[in-house]
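Trainee: Here is what each chain is made of, one letter per residue.
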Amino acid sequence: MPSFDVVGSSLVSGILLGGVLSLTALGLSIALGVMGLVNLAHGELLIGGAYLSYFMLRYLGIDPILGLLLVGAAMALLALPFQRLLVAPLSGKGMEAPMMTMFGVSIILQNLYLLAFTADTRAIETAYAASPLALGPITVPKIYVIGFAVSIVLVWLIHLLITRTAFGRELRASSADATAAAVMGVDVRRVHALTFSLGAACAAMGGVLLGTAFTFTPSSGATYLLISFAVVVLGGVGNISGTLVAGILMGLMQSMGALVLGDGYRDFVGLVLFLLVLALRPQGISMKGAR
Amino acid sequence: MTTRSVYAPIPVARPAASRLRQTAMVPFVCVIALCLAGPLLSDYALEIALRLMLYIILAEAWNLLAGYGGMVSLGTASFVGIGGYAMTGLLNKAGLPLAIAIPLAGVAAALPAALISRAVFRLRGLYFTVGTLAMAEALRMFMANYGGFGGATGLFLENDPPGLSALYWIAVALVAFTTIVMTLVTSSRFSILLRSLRDDEDAAAQIGVRPFRIKLIAFVLASFLMGMAGALQSLKLGMVEPYGMFGVQWTINVLSIVIIGGKGLRAGPLVGAIFVVALGELLADYPALHLSLTGLILILVIRFAPQGLVGLVTRRFRHRKGAA
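Going down the list, the sequences are from chains S and D.
Just so we're aligned, residue 1 is where the first sequence starts under the numbering used here, counting upward by one.
Just so we're aligned, residue 1 is where the second sequence starts under the numbering used here, counting upward by one.
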């Protein structure tokens with residue numbers, strides 16, 4: 001049996017990482033809730049953010065945390081033409097065509113990363129990624145704490161964006177009833193484009209944080225996509241506070257799984273949890289936000 | 001007859017009997033051609049033909065799910081992998097003859113499908129898709145980490161696997177079996193029930209179709225076929241390991257075959273398999289480029305030819321016929 005210090009540190013790490021997971025899941029959740037799009041390329045957008053930050057640090061010397069918003073903005077801009085060219089023309093053709101299109105995008109991006117950056121395992125290397133932060137018996141890497149804090153702030157900002165701004169009102173209107181919103185003068189096409197961008201930005205910023213805390217390869221995206229999706233289902237689609245709680249719960253469960261079964265089982269536990277939730281409680285943990 | 005009127009609102013689901021017989025003839029002719037060609041082929045050609053047949057079986061099964069049932073699965077790899085591992089286990093541990101071990105490997109793949117169905121059918125469409133993807137990823141991680149089935153290195157067949165020409169005949173037999181099953185399924189009442197669920201599950205349930213049962217039968221049947229294909233693959237390699245047998249490339253290839261060929265069309269898997277295997281052979285030295293190109297073709301087909309190559313050709317053909 002591992003000592004109390006190890007267990008405690010591991011659980012706190014899980015909670016902290018869970019915060020980052022809620023950020024990446026939020027991006028997926030917004031696209032699903034507003035546009036009905038299952039963005040199967042979410043994982044690749046996340047890894048794209050990690051690569052962007054990696055090269056920014058390496059060639060421009062920009063710190064990943066300071067450059068976080070820059071990466072988010074860059075990915076949001078890059079995502080706009082994707083949405084215009086690939087997703088928008090398929091609107092009104094059901095959920096399957098856009099979903100499969102994004103699956104195609106995911107295959108393309110993953111292999112382009114492979115061609116451009118090789119299959120090498122990389123990590124965004126910073127001083128705070130390796131150094132620990134001790135609080136009594138509990139020791140966690142500094143980046144976990146930074147990642148958690150940054151993610152919570154970002155999730156809160158997105159919450160404000162959706163609940164307090166004119167754009168947020170249009171977004172909520174389009175989500176509730178796209179046709180009625182269009183009749184009332186909401187430019188639904190524009191809302192969808194910006195929603196997709198926002199989702200991509202969340203993925204990329206989450207990717208920067210995860211790429212600093214962990215290593216990544218061109219094919220790491222699929223697992224993050226599934227874990228994010230699990231968090232979305234657990235928290236309820238379009239439910240921000242639910243997503244936050246679910247993300248933290250997911251991080252905690254993953255850490256417990258890794259502790260009990262071994263580190264290789266970390267993501268396995270997340271996926272099994274996901275399948276269990278689908279089987280037993282597909283409406284998520286809270287009743288609010290259930291569809 | 002009340003049951004008649006029940007099916008009336010879905011005319012697409014009832015092709016004329018003569019046309020049905022016509023389209024059903026095509027795969028049978030292909031199987032006969034495969035039988036005749038077998039003894040004449042070189043080793044390289046046998047190798048390609050074997051891969052083609054493997055993908056035809058998988059694509060037929062996936063087409064049953066996605067094309068006829070509207071259940072887009074991203075879990076193909078899990079059933080291929082389970083079939084392959086079960087096959088290796090059955091041969092090594094029980095020493096069963098191939099004729100028994102291959103169908104049993106299919107059954108081994110169908111069992112988890114039945115188990116998982118409760119989870120993935122609970123909600124519609126997208127949950128099935130993402131749920132099957134999660135299942136495939138989870139299985140691959142489990143097999144790589146768990147030591148009981150050879151871990152990341154995998155398992156070897158203890159006895160020598162059958163030679164290339166023997167494998168070819170096994171594959172021909174499996175393709176023939178798949179063709180018969182698919183012809184029976186797609187020309188029966190079951191196919192109408194399945195397609196009614198695809199087109200409008202609520203309406204179908206209202207008039208008495210049982211969604212869970214019908215989807216479960218399709219899912220189990222497709223997994224059975226996929227498991228047998230996985231068994232064939234493990235025989236061909238003489239070994240199984242998690243990254244190959246549970247690899248996402250199975251899922252990608254099979255999905256692209258059916259979408260490029262023509263989803264929900266009887267000839268779609270055949271045409272798509274020929275296209276994708278040929279493309280793979282042309283770009284065999286550039287795997288990353290090959291997959292990127294596959295993704296691109298996938299996107300273009302979804303956008304501009306939702307019925308795939310077969311749909312494109314038949315539409316053009318009908319057009320000309322109409323003009324004449």
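Please note that the accuracy of each hint is not assured.
Computed footprint of chain D on chain S; a stretch qualifies when at least three of its residues, placed anywhere within it, have a C-beta under 8 Å from a C-beta of chain D [stated by the list, open to error]:
1) 97-103
2) 110-123
3) 192-202
4) 213-226
Calculated from the structure, these hints are not laboratory results.
Cβ atoms here follow ideal geometry from the backbone N, Cα and C, with glycine treated the same way.
Trainee: Do at least three Cβ atoms from the region 192-202 of chain S come closer than 8 Å to Cβ atoms of chain D?
Mentor: Not satisfied, violated; 0 residues make the cut.
Trainee: Given that the region 97-103 of chain S was listed as covered by chain D, double-check it with a C-beta distance under 8 Å for 3 or more residues.
Mentor: Since three or more residues must qualify, the claim that chain D covers the region 97-103 of chain S holds, with 5 doing so at under 8 Å.
Trainee: With a C-beta cutoff of 8 Å, work out whether three or more residues of the region 213-226 of chain S approach chain D closely enough for the coverage to hold.
Mentor: holds (count 3)
Trainee: When I compare C-beta atoms, does the region 110-123 of chain S have three or more residues closer than 8 Å to chain D?
Mentor: holds (count 5)
In this structure, only the earlier hint numbered 3 is contradicted, and the remaining ones agree with it.
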